[in-house]
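Given chain D, put chains F, V and H in place with the hints provided.
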Amino acid sequence: MAEYLKTFLPESYAWLAYTAAAAVHVALLFVLAMMIVAVSNWAERKIAGRLQDRLGPTRVGGRFGWLQSVADGLKLLTKEDLVPAGADRFLFRLAPYLCFCASFSVYLALPMASGWVAQPMNVAVFFVLAVAGLEVLGVILAGYASGSKWSLFGGMREAAQVVSYEVPLALCAAIPVMVAGTMDLVEIGNRQAGGFWQWQIFHDPFTFLTFFVFLTCAVASVNRAPFDLAEAESELVAGFMTEYSGFRWSVFFMAEYASMFAVSVLGAILFFGGWNGPLPVASLLGLTCENHPLAGYLGGLLGLCNLLVKGYLGIIFMMWLRWTLPRLRIDQVMTVCLKYCIPLAAAMLLGAMLWCYALPGGLWAAVENFGG
Amino acid sequence: MGLERVDPEPVECDVRTDEILVNMGPQHPSTHGVLRLVLRTDGEVVLEVTPHVGYLHRCAEKIGENLAARQWIPYTDRMDYLAGMNMNLGWALTVEKLLKLEVPERARHLRVLIVELNRIASHLMAAGSFGLDLGSFTPFMYCFREREKILDLFELACGARLTYSYITVGGLMADLPPGWLPKCEAFLKDFEPVIDELHAVLTSNAILIRRSAAVGVLSPEMAIDYGCTGPVLRGSGVAWDLRRHGDPWYTRMYDGYRFEVIAQTAGHYPQDRKYPPVPAVAVLGDSWHRFYVRMLEVVQSMGLVRQALERYGRCPAGIGEPLRLTQKLPKGEVYLETEATKGQMGFMVVSDGSAIPWRVRARSSSFCNLSVLPELCRGCLIGDIPAILGSLDIVLGEIDR
Amino acid sequence: MSVAIQWHSLFFLLMALAACGAALAVVLSANVVRMAFWLVVSLGAVAGLFFLAGADLVGTLQLMVYVGGTLVLLVFGVMLTARQPFVDMRTAPTQWLVAALVGASLLAVLWQAALSVDRWAGRGQTLADRQAQAEPTAAPLGLALVGVRVDKPDQADPRLRDGMAGYLLPFEVISVHLVVVLIGAAHLARAKRRPTSPEPPQTPRTPE
Amino acid sequence: MNLLTQPVGPMHYLLVGAVLFVCGVICMTAKRNALGVLMGIELVLNGATLNFVAFGSRFLRGDSASSLGLDGQLMALFVIVLAAAEAAVALAIALNFYHTHATIDVDDASELKG
Chain D
18 MAEYLKTFLP ESYAWLAYTA AAAVHVALLF VLAMMIVAVS NWAERKIAGR LQDRLGPTRV
78 GGRFGWLQSV ADGLKLLTKE DLVPAGADRF LFRLAPYLCF CASFSVYLAL PMASGWVAQP
138 MNVAVFFVLA VAGLEVLGVI LAGYASGSKW SLFGGMREAA QVVSYEVPLA LCAAIPVMVA
198 GTMDLVEIGN RQAGGFWQWQ IFHDPFTFLT FFVFLTCAVA SVNRAPFDLA EAESELVAGF
258 MTEYSGFRWS VFFMAEYASM FAVSVLGAIL FFGGWNGPLP VASLLGLTCE NHPLAGYLGG
318 LLGLCNLLVK GYLGIIFMMW LRWTLPRLRI DQVMTVCLKY CIPLAAAMLL GAMLWCYALP
378 GGLWAAVENF GG
Chain F
33 MGLERVDPEP VECDVRTDEI LVNMGPQHPS THGVLRLVLR TDGEVVLEVT PHVGYLHRCA
93 EKIGENLAAR QWIPYTDRMD YLAGMNMNLG WALTVEKLLK LEVPERARHL RVLIVELNRI
153 ASHLMAAGSF GLDLGSFTPF MYCFREREKI LDLFELACGA RLTYSYITVG GLMADLPPGW
213 LPKCEAFLKD FEPVIDELHA VLTSNAILIR RSAAVGVLSP EMAIDYGCTG PVLRGSGVAW
273 DLRRHGDPWY TRMYDGYRFE VIAQTAGHYP QDRKYPPVPA VAVLGDSWHR FYVRMLEVVQ
333 SMGLVRQALE RYGRCPAGIG EPLRLTQKLP KGEVYLETEA TKGQMGFMVV SDGSAIPWRV
393 RARSSSFCNL SVLPELCRGC LIGDIPAILG SLDIVLGEID R
Chain V
2 MSVAIQWHSL FFLLMALAAC GAALAVVLSA NVVRMAFWLV VSLGAVAGLF FLAGADLVGT
62 LQLMVYVGGT LVLLVFGVML TARQPFVDMR TAPTQWLVAA LVGASLLAVL WQAALSVDRW
122 AGRGQTLADR QAQAEPTAAP LGLALVGVRV DKPDQADPRL RDGMAGYLLP FEVISVHLVV
182 VLIGAAHLAR AKRRPTSPEP PQTPRTPE
Chain H
10 MNLLTQPVGP MHYLLVGAVL FVCGVICMTA KRNALGVLMG IELVLNGATL NFVAFGSRFL
70 RGDSASSLGL DGQLMALFVI VLAAAEAAVA LAIALNFYHT HATIDVDDAS ELKG
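Chains as they are written, first to last, in the numbering used here: chain D, 18 to 389; chain F, 33 to 433; chain V, 2 to 209; chain H, 10 to 123.
Same shape as in the complex, but just chain D (with noise of 0.2 Å):
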């Protein structure tokens, strides 16, 4: 795009087509992120409206409230912003940013479709993890900055709760790289062509099992019910977001939707083929770039919305869970993670290891070489 817009411009202005460029690519990706954040927003609302027998918004913008999050959005922006007396004022400022910054970071190396990605990355999958593990900080500082005892409670406990959940968490990611052979998401994702047999939760038993682990994980690590007991509202009152109001409020409430599509994304590129549809229709109507380019785009646009279908679809599961079941204890977290996730993760990883070892082509191959 940069070179494309050089052309138009003298040799002296070079930068500016590339700050150009850039700058759309950060407008992009901040739209998908910001739209993803209003869709989620409502329909939270209305998924958990239907959940318990009653209707959700109706009245912002038609029958079904298709604007509630705009006038959400408008209404914390009116509200006044508040730093409690005893608060750090410059932490307390900066945190929701934070948190912000580390979550939006993530989509910088995550595909979108094949090759529709931000920055292409050789180790991408470990990139996702680490930034997705930097929102904590926010949190944390959080916490600490609002001077409020709940606050401070929610704070620790993210901060315990996160640090331990990262660890099976990247134990679950390293396997079904492995069985891809590379850290590269788009790698990955392209691997996983050819049809829902070809998605790495069907590669073999163990895979299938590790997805389960890296579910439990991920809803973990997003702080999601049952395990959102930094929020906690029946116990800390909003735990660390207790003195937080109007905008900065929102920023941590963009945060945590923008980190539960990522990590959604990231289980779909890793376990359910990515941008690649149950049926390899884009490459039956032969919507690649080989063909033409328009076709290319059309078939990454087609991609997108698989990709977009499946990181909902794991959203809608994360919302599902948190209007269905209680809140589990700080021990019981913890627990959950280190007497059942770690020990389970390294055992589907000693598996998956195995499994590629004796047959490295994967369940399918398998049946076939046995049919053959």
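These are computed hints drawn from the structure, not numbers from a lab. Don't take every hint at face value.
EDC-like cross-link-like pairs, simulated, lysine to aspartate or glutamate; straight-line CA separation at most 16 Å [to be verified]:
(1) D:K166 x F:D74
(2) F:K360 x F:E97
(3) D:K166 x F:E51
(4) F:K129 x F:E365
(5) F:K215 x F:E187
(6) F:K181 x F:D222
(7) F:K221 x F:E342
(8) F:K181 x F:E134
(9) F:K181 x D:D70
Below, chains F, V and H alone, put in the same frame as chain D:
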């Protein structure tokens, strides 16, 4: 009975840090009103809990000493505002006992009908908010939906949804409107499957069991020592229900009614239908048992409502005359306890012979139930406090009066 | 070489300024939580510098282990030991003076040393040259850790060529060392009292 | 604009590393809070890691000759991992000290003085 007492020693924890003094309430979401708990914690471990009450004190008893006996009925509504009918009944029976005033048979059955419906509503609220305290929001809405239906029935009967003043000294304020009985029957029919739903999302939910089983274990001895009553006492395995074991003036209201006193005696609950089994991790007297007792009592109350519906329909018209405001009370004093939804609600009236009582006193069940909280919470985690408090099911209006 | 801005240099400058500025802020802030915050910024910027140097695995590891693990642990420690919120312990001016003197002389030495070798200045190649040389490092690093050096196939010494130059032994030693250290840290952090409850309610937190 | 127009070499990394190192040293000597000292150590380690990476990076050197190659990055990996272990132990010591002395001021840790 396989009881386990909570270790009274403060719990030693691994990584020791500073003790923190935290104020839980009076504006905390899970203190069920304006209760204030001062927690002394070491990290997440609670070393000491001190409840502070009185934020909702409204001098109800003193007001009662300046009003005619029947005029105080609306004030009883505002004590346990989740079970106004039971409060009305307690005061009405107390004054009736002083007056030796009999109510007609139709009024008796109507009272049973209304009071047991209110018990269902109150227990639904308790079950829902218990779930909410443990972080499960949706069952709360289900409970509220059913409670709304009961409140609709009450609104049809007396015009009010929360503070009814329906049962009064000498009978009831009005008879049921035409068409009320079929509506009540329809509600019972609809409600039956909802109980199974609630059992599915609450009682047998694995997380809820782990959060509430063996948490806040109250031994029967301690329960009796602290004067705990109602589902809290029965949750500890003491089969004691004033509807059966109380003052004859009260128990004769239930003459001829069949119901079970819900408590785990001899290792099992009285069961007339299939309920989720008691989980292996649950200890008698813990939060789970208190919750379970309420869930089973709802079914008993449904049975009582059904019986009352049938009996009420057979009675001749006449639901008693409300006491005239100028009617002089006989000299003397009466204390009567009734089985309200939260426990034994006692009212005392002392009369010097005038129409206005000389002394009025209310014995709050929630107050006694709350008094055991510091014992139950010693050494628990912060997350357990809402569980224990929710299982005690207190109402601050009644505690502070 | 055109006069156009080198984007790589610009980003390097941004990251370097962030790293140095935040490091200075660590020194200058009195509040320990703010110090931790500035340290996060500084180490994050260093991770950025690693990325700019083409060491993406090291950069990611820096983000994950250092910023996400070690610093969280550190902030956790700050919270556990903050008697009242926002503790600050003032240092005497004379101590500051001594520290500044030591620091300044050290900086002078290091600065001089860095500037002394002309080859290190990195002049003379274009960005395109460098990009041609840049290659993914994750796989060679991983192989080196298990003892295979794919980047040095032309070793003169045959022993080194057969994997002796790999890092398998240090890798193992460090793994064992980490386990020992974590167990030791957990043991050290425990209060020296016998817990009376049969099941301790909290397990000591350790980093990954 | 000089810096912007010329490519970055290991020298620039060394300068940044020197600043980090010196800041760390000052932190270690001047801070009285044990955790402040710990943060100083982290800064020092990072300054050193930066040097390793700079010398090991082909991207910066442009020539593969006489470079540390992958060894530099491997060293950096080891430093990062060991720093995590070091922080865990140091934190445990600080906590223990805090339990016994109710402070983490390192100036109070003087029992072993003769």
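key: 16 Å Cα cutoff - pair D:K166, F:D74   = It holds: about 12 Å lies between the C-alpha atoms, which stays within 16 Å.
request  = For the pair supplied as a hint, F:K181 and F:E134, confirm whether the alpha-carbon distance does not exceed 16 Å.
outcome  = violated, 31 Å
task = Would you check the hint for D:K166 and F:E51, treating anything up to 16 Å between C-alpha atoms as holding?
result = At roughly 12 Å apart (the allowed maximum being 16 Å), F:E51 and D:K166 satisfy the hint.
query = Keeping to a limit of 16 Å between CA atoms, is the pair of F:K215 and F:E187 held or broken?
reply = OK: F:K215 and F:E187 at ~12 Å, within 16 Å.
query = Given the proposed pairing of F:K181 with D:D70, does the C-alpha separation stay at or below 16 Å?
reply = Given pair F:K181, D:D70 holds - Cα atoms ~14 Å apart, limit 16 Å.
request  = Would you check the hint for F:K360 and F:E97, treating anything up to 16 Å between C-alpha atoms as holding?
outcome  = holds, 14 Å
16 Å Cα cutoff - pair F:K221, F:E342 = holds, 15 Å
message = What's the verdict on F:K181 and F:D222, does the C-alpha distance respect the 16 Å limit or exceed it?
response = Holds, at roughly 10 Å.
Pair hint F:K129 and F:E365, alpha-carbon separation not exceeding 16 Å = holds, 10 Å
Taken one by one, the earlier hints fail for this structure only at number 8.
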